[in-house]
Amino acid sequence: MNNSDLAQILIRAVQEADSSERLVDAVQELAAASIEESVPTLIAALGYNNPGAAVAAVDGLIAIGEAAVSPLLELIDDYNYGARAWALRALAGIGDVRALDTLLEAAKTDFSLSVRRAAARGLGTLRWHQVPLEKVESVQTEVLEALLLISQDPEWVVRYAAVTSLETLAIAIAVTLPEQASQITNQLQQILDTDADLGVRTRVKFAQEKIQQQQHQEVFAPKRKLQDTEVEVPHRGGGRR
Amino acid sequence: MNSSPQKFEDLSATGDNADGGSLTVEQAIANLESEDLGLRFYAAWWLGRFRISEPAVVTGLIKALEDEADRTPEGGYPLRRNAARALGKLGDRQAVSPLIACLDCSDFYVREAAAQSLEMLGDPVCIPALIKLLAAGLHGEQLVSQQPDLSQPYEAILEALGTLRANEFTSLVKPFLEHPIELVQYAAARAMYQLTEEPAYGERLVKALAGERLQLRRAVLADLGAIGYLPAADAIAQTLAENSLKLISLKGLLEHQVNHTTPTTLSEDAIKVINLMDSLL
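Residue numbers (our numbering), protein chains in the order written: chain G, 1 to 241; chain C, 1 to 281.
Source of the hints: derived by calculation from the structure; they are not laboratory data. The beta-carbon is built from N, C-alpha and C at its ideal position, and this holds for glycine as well. Check before you lean on any hint, since a few could be wrong.
[To be verified] Ranges of calculated distance between the beta carbons of each label pair, as one might list FRET restraints: (1) C:Thr170 / G:Gln214: 46 to 52 Å; (2) C:Ile181 / G:Gln190: 29 to 35 Å; (3) G:Asp78 / C:His139: 55 to 61 Å; (4) G:Tyr79 / C:Gly122: 38 to 44 Å; (5) G:Lys210 / C:Pro231: 40 to 46 Å; (6) G:Gln212 / C:Glu197: 52 to 58 Å; (7) C:Asp269 / G:Gly65: 30 to 36 Å; (8) G:Ser70 / C:Pro148: 33 to 39 Å; (9) G:Asp78 / C:Leu37: 33 to 39 Å; (10) G:Gln152 / C:Val25: 21 to 27 Å; (11) C:Ile181 / G:Ser182: 25 to 31 Å.
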């Protein structure tokens, strides 16, 4: 049996599932097969109002990866915000920069907090190496501005997601855009000082720890080189003694 | 609890203008005494939703607890229900005595709302009145024989007793672990955990996360978040339910953990919960 036959059998099982549990099982099997042909069926499963099936479908779409991005962007459901949130979760998991505009718009303007949350998270999981080198800095600055805005969302969970993304962005741009990186650390400190939500403040502390660890590594690496050269100095100057 | 999951997570949460931003605080306060009963009902909800805890609001809502104008065909008091719910959210302890009086109201849903709000206000002075209601379901230290007994809002009462640490009444809470309604059992387990800190009661809830019905799993997620039962973290992340509800539940664990440890560094347990939360965003 080739992949296409297998896909057809598994897709039919999803379509014919007659109970919530069978649907979850069928979507899990289809997702595990990781066949490109199954993408539309997996996307449809995001809209069944069945969290088990949706989780499995998201996992399947992430596993398929880049091939699922265009269909996800095309088939994103403007009228079912449950499905839209799961679709954005899949896009966030894949991290493909083709989703950037969709993520930015959803994170800033969607009325559903679960959509904004998933999009805010997705802005921190983008694969920067896909962006042409000459554009990376301007795109990162654009994402930073969006995240600074989203980190003031009225919903704690959206702010929480924004903090996770500020953390990864701060680490990604620590060397290339130090000024913007310090904008992030300032914003994190401000959230820590003022946010009403203990969960968000706790996540900020964790982000600060991670960013500091990264800084230690960056400082530590060049220092070792320096020490190496210092060791050489007395060696070279040894003849003067 | 029977609304669709999207409604469940988004209805109460979209923020300022989608649902009622057209009201001003002054209008809402004035509307509490409007001729239009619909406007009164909406104003009471709105003031709670946006947590407008001005003295005039508290006074107006306390007055609304004795409303006679707004009645359902079955004799219920819709405005009183909304006023009782709102008062819980405003955090003003002036509401405690009037809410205790509501525990005697003929309307089940007013009693339920009052118990929930008394839990939120956190003043243990209401414990004897809650126990009086709870005792309606008991013969001594056993459940009354006619079951399921739906005469009182046991779920809300038990949750309040747990939160308010009514430790001297543990023996009256415990029988409700055997109540035929699962939601009442969970409320009892949640309260028993808060009263005794025995892991067995937390585990009872963890086991319920593997249950068949989504509606019950959602309720248990809320219970575990409320008690901050850390060993449930993985089970919460894995249960089949909306991520939004799992995130709220895990946030409860995280905050409980942070509140009960030294604030300087994050514990391993806290980091574990954070990582689970990140994976669900």
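Hints versus structure:
Restraint check, Thr170 of chain C to Gln214 of chain G: a C-beta distance of roughly 49 Å satisfies the suggested window 46 to 52 Å. The hinted window of 29 to 35 Å between Ile181 of chain C and Gln190 of chain G is violated, with their beta carbons roughly 47 Å apart. Under the hint 55 to 61 Å, the C-beta atoms of Asp78 of chain G and His139 of chain C, about 57 Å apart, fit the expected range. At about 42 Å, the CB distance of Tyr79 of chain G to Gly122 of chain C agrees with the hint of 38 to 44 Å.
At roughly 26 Å, the beta-carbon separation of Lys210 of chain G and Pro231 of chain C lies outside the given 40 to 46 Å, and the hint is violated. At roughly 35 Å, the beta-carbon separation of Gln212 of chain G and Glu197 of chain C lies outside the given 52 to 58 Å, and the hint is violated. At about 33 Å, the beta-carbon gap between Asp269 of chain C and Gly65 of chain G stays in the expected band of 30 to 36 Å. Our hint of 33 to 39 Å for Ser70 of chain G and Pro148 of chain C is violated, since their Cβ atoms are close to 53 Å apart.
Judged by the Cβ atoms, the range 33 to 39 Å given for Asp78 of chain G and Leu37 of chain C holds: they are separated by roughly 37 Å. Under the hint 21 to 27 Å, the C-beta atoms of Gln152 of chain G and Val25 of chain C, about 22 Å apart, fit the expected range. For Ile181 of chain C and Ser182 of chain G, the hinted distance range of 25 to 31 Å is not satisfied, since their beta carbons lie about 56 Å from each other.
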